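Peer 1: Start from the sequences and build out the full structure, keeping to the hints where you can.
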Amino acid sequence: MRFKLVNVCIAAVLLTVAMPLRATNVVPVPHIEGQKLLLDIEDTVFHREYLLSSCVSKTDHYKWMEVGTRPSTLHVRFEKVGQRVYLRRINSTVVGNPSDTLSIQSIRDNYMDGYAISLPIEKTEGKGRITVDATELFLTDHVLSPFSWWFKQAKVSLRSDLSHLSACKSFDDNFSIRTVMSFTHDQPDRHRPAVCSAEVVSSLLLLPEKKMRPRLADSRIGLFTTDKKLVDFDKSDYIKDIEYVERWRIEPSNYNAWKRGEIVVPKKQIVFYIDNAFPESWKEPIKKGILDWNDAFERIGLKEVIAVRDYPTEDPTFDEDNLKYSCIRYIPTDRGGAQGPSWVDPATGEVLSSSVYVWGSMPEIMNRFCYVQTAHANPAIRNGKFPEEQLAATIQFTIAHEIGHSLGLAHNMGGSSVYPTDSLLSADFVKQHGLTASTMDYIFYNYIVPIGNQDIPLMSTRLGDYDRMLVNYIYYPTDPTSDVVADHAEVQERLDVDLQNPYCHYGKQQWGNKYDPSALIYDLGDDPQKTGNLSINNLKYVLAHLEEWLPGGDHTILREKLYESILEHYETLLRSVIHQVGGVRVNIIDTQRNQQAEPLPRQLQHEALKWVAHQLHQSNWLNNRQLLSSLSMSAQYSSKMLSTLSGEIVQMAQNVALSSSLSKAPYTLTDYAEDIYSLFFAIPHPTFEDKIVQRAMLSAINKADKKKADIDISLFSEEDGTWSYLRQRINQLAQQNVRKDSVNQQHWTIINKLTE
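Residue numbering for the sequence shown follows this note's numbering, starting at 1 and increasing by one per position.
Source of the hints: derived by calculation from the structure; they are not laboratory data. Fair warning: this is a prediction, and the values are worked out from it, not measured in the lab. Be aware that a few hints might be false.
No more than 27 Å apart at the CA atoms, straight line, and that leaves these computed lysine-lysine pairs for DSS-like [what the hints assert, rightly or not]:
1. K229 x K211
2. K303 x K267
3. K283 x K385
4. K561 x K640
5. K287 x K58
6. K127 x K80
7. K287 x K229
8. K287 x K210
9. K610 x K691
10. K268 x K283
11. K58 x K155
12. K303 x K288
13. K169 x K229
14. K169 x K123
15. K211 x K288
16. K229 x K36
17. K324 x K259
18. K169 x K80
19. K169 x K58
20. K58 x K324
21. K561 x K385
22. K211 x K80
23. K267 x K210
24. K385 x K540
25. K267 x K324
26. K283 x K58
27. K610 x K561
28. K303 x K211
29. K268 x K229
30. K123 x K36
31. K385 x K287
32. K169 x K155
33. K610 x K640
34. K268 x K169
35. K287 x K324
36. K703 x K514
37. K210 x K324
Here are the computed distance ranges between Cβ atoms for each label pair [claimed, not checked]:
38. E125 x H164: 34 to 40 Å
39. D527 x L628: 30 to 36 Å
40. N537 x T478: 48 to 54 Å
No residue lacks a Cβ here, since even glycine has one placed at the ideal position from N, Cα and C.
Peer 2: Right, dumping it as structure tokens:
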């Protein structure tokens with residue numbers, strides 16, 4: 001039986017009896033009187049749903065109070081009871097089949113909207129309008145907080161004497177309130193005074209009364225989703241988890257013409273406005289990065305879906321605080337590269353507005369990436385200045401990545417692993433396919449290009465096959481009269497065809513311990529050992545010439561940063577191989593294979609550990625004495641990196657335990673322990689680097705076992721004694737993980753989540 005999924009909550013029921021509304025009175029109107037923030041509310045407001053959130057606009061400490069941060073958004077409604085107005089948190093997490101009256105009634109009987117805050121009524125004007133005091137809502141952190149989680153880890157308290165209302169603006173479907181909020185905290189130092197302040201913009205956005213038909217997600221691809229619980233007693237006694245795709249309401253202006261095969265414009269475009277504060281040279285590549293996505297839409301018969309405009313300086317109605325405008329905003333801080341948050345209707349997943357924040361530090365950060373990864377074959381960057389053409393290309397693919405997020409695409413860290421490493425050494429292949437099958441991957445430059453090569457592209461701005469596939473899935477128009485299930489069946493059938501393309505592999509972003517070595521950040525190609533060999537050879541060349549290319553005291557700070565970036569890239573290359581030890585490739589999209597979670601072959605895991613041991617043993621090239629003598633004492637040196645990687649090698653014990661349990665010819669914990677001993681400890685003449693690795697490994701084993709971490713290597717000078725101790729402790733560590741996790745239940749949970 002086909003059915004339509006609908007949200008069932010108190011607010012949704014109220015929508016069915018809503019009065020005819022005028023556009024001018026469906027959003028509360030804010031105004032400031034003295035130190036009070038008042039809201040004029042008409043009766044029609046009580047029949048509508050809203051989104052409420054806040055973000056930092058300005059700050060005196062941007063490292064803690066990040067400009068553009070919006071950690072949470074509340075789905076709310078207003079309710080009047082007696083002489084108070086309550087802000088209710090709408091419970092829209094449960095959906096049901098409207099034809100199943102038992103399910104609908106059960107949801108109504110068991111779920112209610114929560115309470116966020118109570119606002120006192122200041123005055124009543126006739127029957128249809130009241131004024132409430134909303135000062136507590138916007139001038140405290142009782143309901144809204146724009147601050148990141150790590151700021152809130154400090155013991156902070158609001159300084160009301162240093163907080164005040166600043167301004168308010170009212171628009172046809174939203175309003176914004178500016179406040180200055182100050183906090184004391186328990187972690188002051190010379191960089192952070194005991195009081196931090198920020199100008200905060202809080203906004204209330206009216207949600208559509210006519211809801212968009214949701215589209216169900218598919219776990220084989222990476223999407224931003226809104227999670228729901230489906231209750232349908234006609235189908236099952238169980239509550240089922242489902243997800244709605246977060247997407248813009250893109251509909252053909254003429255569905256019948258589109259159905260006949262004509263390319264048509266949408267009923268409503270997505271329009272992005274570019275901040276006039278950007279350097280002029282940035283604007284063109286920003287526009288290109290945004291408009292790159294129109295090609296993907298044209299492939300499904302929709303043209304000019306996305307438009308780009310500069311801030312209209314001569315339009316007095318334009319305001320970047322007005323949420324009807326989606327803006328690309330310039331933030332002159334060194335927080336990072338860029339970020340793209342969106343406003344989404346929790347009932348349907350409809351994206352209503354989206355902003356992209358581009359930080360001023362983006363060129364400097366990307367310049368370091370580009371220098372370290374390409375200077376061996378890119379003479380134009382060797383003076384330390386980003387060449388204009390390469391900066392433009394970098395801005396373009398950075399913006400394209402963020403616009404992808406705005407369109408509903410999550411990261412795909414497996415996009416690069418579907419391209420053979422050897423193919424990325426082919427100029428024709430790279431020109432045709434780019435460096436990765438998805439711009440939602442984290443791949444910036446072709447860092448395996450041979451030294452001096454001028455033919456193979458060092459970067460690419462093109463979308464990949466995977467990106468176009470997702471636009472097809474998210475935005476393909478289906479019959480407007482179809483219900484959610486029929487709509488899903490149609491787009492899923494198209495997805496089944498698209499997934500036959502090997503370049504449409506999805507690698508879910510991994511947090512914490514990483515099991516799948518084909519879905520890591522910054523990896524390039526399908527063979528991390530070959531990639532590592534090629535890139536390390538290039539890194540050695542760059543490091544050897546760093547002082548020649550950047551001579552003198554004026555370049556000291558830059559040399560230091562680039563040296564640390566070389567260490568970071570080297571660490572990334574080794575980490576990509578380390579995760580082959582105990583590695584499990586998760587074949588999310590491959591429904592034809594018998595195993596969706598495939599452990600890497602035993603010999604490959606052994607060779608991976610052998611390769612890493614060789615690299616660490618030969619890592620003395622990082623300690624260029626002449627270069628290091630010119631760096632400050634605060635510079636990061638290779639010993640710290642060696643210790644970090646050595647500890648991670650020990651942590652692979654739990655991955656080996658999982659991988660071996662899945663394999664018919666496993667790389668066992670015994671194999672792993674013997675390899676660690678033979679590769680890292682049974683060394684006739686250990687170097688300084690070898691001793692760092694040995695000490696770090698033994699310390700990591702003891703730390704994991706919650707025993708004393710400081711180890712005297714001399715205690716294990718006898719070969720047999722060292723081996724016996726090492727094997728015993730590694731097996732203890734691994735078995736401890738197995739028992740603790742109930743036969744690796746935690747690991748199985750991760751694999752099942754990836755393959756569900």
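Peer 1: Give a verdict on every hint.
Peer 2: Status of each hint after checking the structure:
Straight-line distance between C-alpha atoms of K229 and K211 comes to about 18 Å, which keeps the hinted pair within the 27 Å bound. Between K303 and K267 the alpha-carbon distance is near 11 Å, which keeps this suggested pair within the 27 Å criterion. With a CA separation close to 19 Å, the supplied pair K283 and K385 stays within the 27 Å bound. The straight-line distance between the Cα atoms of K561 and K640 is roughly 16 Å, inside the 27 Å bound, and the hint therefore holds.
The straight-line distance between the Cα atoms of K287 and K58 is roughly 26 Å, inside the 27 Å bound, and the hint therefore holds. With a CA separation close to 13 Å, the supplied pair K127 and K80 stays within the 27 Å bound. Proposed proximity of K287 and K229 is contradicted: the alpha carbons are some 39 Å apart, above 27 Å. Under the criterion of a C-alpha separation no larger than 27 Å, the hint pairing K287 with K210 is inconsistent with the structure, at around 32 Å.
About 17 Å separates the Cα atoms of K610 and K691, which keeps this hinted pair within 27 Å; it holds. As the CA atoms of K268 and K283 are separated by approximately 24 Å, the hinted pair is consistent with the 27 Å bound. Between K58 and K155 the CA atoms are separated by roughly 22 Å; this keeps the pair inside 27 Å, and the hint holds. Between K303 and K288 the CA atoms are separated by roughly 16 Å; this keeps the pair inside 27 Å, and the hint holds.
Restraint check for K169 and K229: the C-alpha separation of about 37 Å exceeds 27 Å, so the hint is violated. At roughly 21 Å between alpha-carbon atoms, K169 and K123 fall within 27 Å of each other, so this suggested pair holds. Distance restraint check for K211 and K288: the Cα-Cα separation of roughly 32 Å exceeds the 27 Å cut-off, and the hinted pair is therefore not satisfied. For the proposed pair K229 and K36, the alpha carbon gap of about 40 Å is over 27 Å, so the pair is violated.
A threshold of 27 Å between alpha carbons decides the hint, and for K324 with K259 the separation of about 30 Å lies outside it, so the pair is violated. Restraint check for K169 and K80: satisfied, since their Cα atoms lie roughly 24 Å apart, inside the 27 Å limit. Under the criterion of a C-alpha separation no larger than 27 Å, the hint pairing K169 with K58 is consistent with the structure, at around 17 Å. Between K58 and K324, the direct Cα distance comes to roughly 21 Å. Compliance with the 27 Å bound is thereby established for this hinted pair.
Annotation: proposed proximity of K561 to K385 holds, straight-line Cα distance about 14 Å (limit 27 Å). Taking the CA atoms of K211 and K80, the gap is near 24 Å; set against the 27 Å cutoff, the hint holds. For the hint linking K267 to K210, the alpha-carbon distance of about 15 Å falls within 27 Å, and the restraint holds. At most 27 Å may separate the alpha-carbon atoms for a hinted pair to count; K385 and K540 meet this at roughly 21 Å.
For a cut-off of 27 Å, the pair hint linking K267 to K324 stands: about 16 Å separates their Cα positions. For a cut-off of 27 Å, the pair hint linking K283 to K58 stands: about 23 Å separates their Cα positions. With a CA separation close to 30 Å, the supplied pair K610 and K561 exceeds the 27 Å bound. For the suggested pair K303 and K211, the alpha carbons sit about 24 Å apart, so the restraint of at most 27 Å is met.
In summary, the hint linking K268 to K229 is not supported, as the alpha carbons are separated by about 31 Å, beyond the 27 Å threshold. For a cut-off of 27 Å, the pair hint linking K123 to K36 stands: about 14 Å separates their Cα positions. Annotation: proposed proximity of K385 to K287 holds, straight-line Cα distance about 23 Å (limit 27 Å). Pair hint K169 plus K155 does not hold up; C-alpha atoms about 32 Å apart against a cutoff of 27 Å.
Distance restraint check for K610 and K640: the Cα-Cα separation of roughly 21 Å lies within the 27 Å cut-off, and the hinted pair is therefore satisfied. A hinted pair counts as satisfied when its Cα atoms are at most 27 Å apart, and K268 with K169 qualifies at roughly 25 Å. Between K287 and K324, the direct Cα distance comes to roughly 19 Å. Compliance with the 27 Å bound is thereby established for this hinted pair. For the proposed pair K703 and K514, the alpha carbon gap of about 20 Å is at most 27 Å, so the pair holds.
Simply put, K210 and K324 have alpha-carbon atoms about 17 Å apart, close enough for the 27 Å limit, and the pair holds. The beta-carbon spacing between E125 and H164, approximately 27 Å, falls outside the hinted interval of 34 to 40 Å. Roughly 32 Å separates the CB atoms of D527 and L628, a value that falls within the hinted 30 to 36 Å. At roughly 51 Å, the beta-carbon separation of N537 and T478 lies within the given 48 to 54 Å, and the hint holds.
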